[in-house]
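Keeping the supplied structure of chain A fixed, place chain B upon it in accordance with the hints.
Letter by letter, the chains look like this.
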Amino acid sequence: MRDRLLIFSGLFLFVALVTFPMWQGIAAKTSTRGPDVQLPANQKACVAPRSYMRAAHMQLLIDWREGAVREHRSRYTAYDGKSYKVSLTNTCLSQCHGSKEKFCDRCHSYVSLSAPYCWDCHQDSSSTAATMASATSAGRTP
Amino acid sequence: MKITRKAFLRIAGGSVLAAGAGKLVKAISDVAPPPAAVSGSKSTAEGGRATTQRWGMAIDFEKCRKGCDDCIRACRLAHNVPRIPDSAHEVKWIWEEPYEKVFPSQRTDYGRQDLAGSQLPVLCNHCADPPCVRVCPTQATWKRDDGIVMMDYHRCIGCRYCMVACPYGSRSFNWFDPRPYIKPLNSQLPTRTKGVVEKCNFCEERLADGLLPACVEACPQKALVFGNLNDKDSAVRQTLRARYAVQRQPELGTEPSVFYLV
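From first to last, the protein sequence lines stand for chains A and B.
Under my numbering, residues 1 to 142 are what the first sequence spells out, in order.
Under my numbering, residues 1 to 262 are what the second sequence spells out, in order.
Okay, chain A solo, but in the shape it has when bound (with noise of 0.2 Å):
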């Protein structure tokens, strides 16, 4: 047992270095809060339950988009029975989630995610005016 104090500092060493990330996150209070996700007022619940959008919204999105665009499926009956239209712009955000950035952005910028290309075509309604007040003062040519 002569290598003792060798042995357990380096065993302390690894342990530190390897839960540094955690360390570092609880010194900078940022591991234990979640994005601060800005959710609909006036509506309690989603097309689907919360578990799944959390998970799969993205699949629910893409299913969506098939069947609007190819298939003639307007509407989406939801799992408690209510019927919606299957438009991102005007039902998911103008009906329930009002804003892209205080709900889309938050949670994919806390998670680090690239910006789904949804919105080079689909309008954010609420910031429609923000684009319209850009493009008259930017300049007109391509």
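Please keep in mind that the hints were generated in silico from the structure rather than gathered at the bench.
Some clues are possibly wrong.
To be verified - Derived, one-sided and incomplete: chain A residues facing chain B with beta-carbon distance under 8 Å: (1) 69; (2) 70; (3) 108; (4) 122.
As the list claims (entries may be wrong) - Cut-off 30 Å, straight-line C-alpha distance, at most; resulting in silico cross-link-like pairs (DSSO-like, lysine-lysine): (5) B:101 with B:143; (6) B:183 with A:102; (7) A:102 with B:194.
All of these numbers come straight from a predicted model, not from anything done at the bench.
Where a beta carbon is used, it is the ideal one built from N, C-alpha and C, also for glycine.
Only chain B this time, still in chain A's reference frame:
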């Protein structure tokens, strides 16, 4: 009670046979449903969207007024179509072309002189045999069972094969973000993005709601007649019966769904 090996095998074999027979009966009934169910589902389940439908349009050249662009403006509003001044980057859904370009084979020196140089509204012909659909490598454009040649902008990779294939120039490429050129921008509708091809969709979203296409509704002269080409009593078929109509370049065999009454 003790089960002998022989009895066990007999019971197991009998169970497998029973399960298999059940599956077989189900498979047979799926393949050949009772005739009543077939005739019932055809009309109700598809909600009148059977393959008997083919949307088409007739454009009455006599009624179309010179200098009026109500149809074009209505289309821009209905679909967030940008207005790009540079003709090389233009995005066109319904637009005007001179008569000689719309009907290049009918250009003669001794034809109807009043038609020479006049502008005609042109749009995607929603061909029965669309060459653009045939060349699309990603099936981003396809022909629906109601005759509309649709675009799936999600799937378009911007290769522009369809633009080369279309003999009518009905397709436009977005060389840059079109949003700054859309005025006024309707925030309820999507726009297109840089790098996709777009074109007229016969207002399929309005048709789904039972409305006429925006251009047809906007025309003050009722020069655009829209309807189901496969229904012999539809407005468009009645118009086509009464008047002499031509298609754009029918010799190409694309069978356009847009007719011009001359």
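Right, here's what the structure says about each hint:
1. Taking 8 Å as the C-beta cut-off, the interface hint given for residue 69 of chain A holds, the closest approach to chain B being about 5 Å.
2. The interface hint given for residue 70 of chain A holds, since its Cβ lies 6 Å from the closest Cβ of chain B, which is under the 8 Å cut-off.
3. Hint on residue 108 of chain A is violated. Least Cβ distance to chain B is approximately 18 Å, over the 8 Å limit.
4. Among the interface hints, the one on residue 122 of chain A holds; its C-beta lies about 5 Å from the nearest C-beta in chain B, closer than the 8 Å criterion.
5. About 26 Å separates the Cα atoms of residue 101 of chain B and residue 143 of chain B, which keeps this hinted pair within 30 Å; it holds.
6. Pair hint residue 183 of chain B plus residue 102 of chain A holds up; C-alpha atoms about 27 Å apart against a cutoff of 30 Å.
7. As the CA atoms of residue 102 of chain A and residue 194 of chain B are separated by approximately 26 Å, the hinted pair is consistent with the 30 Å bound.
Checked against the numbered hints given earlier, the structure breaks only hint 3 and satisfies all the rest.
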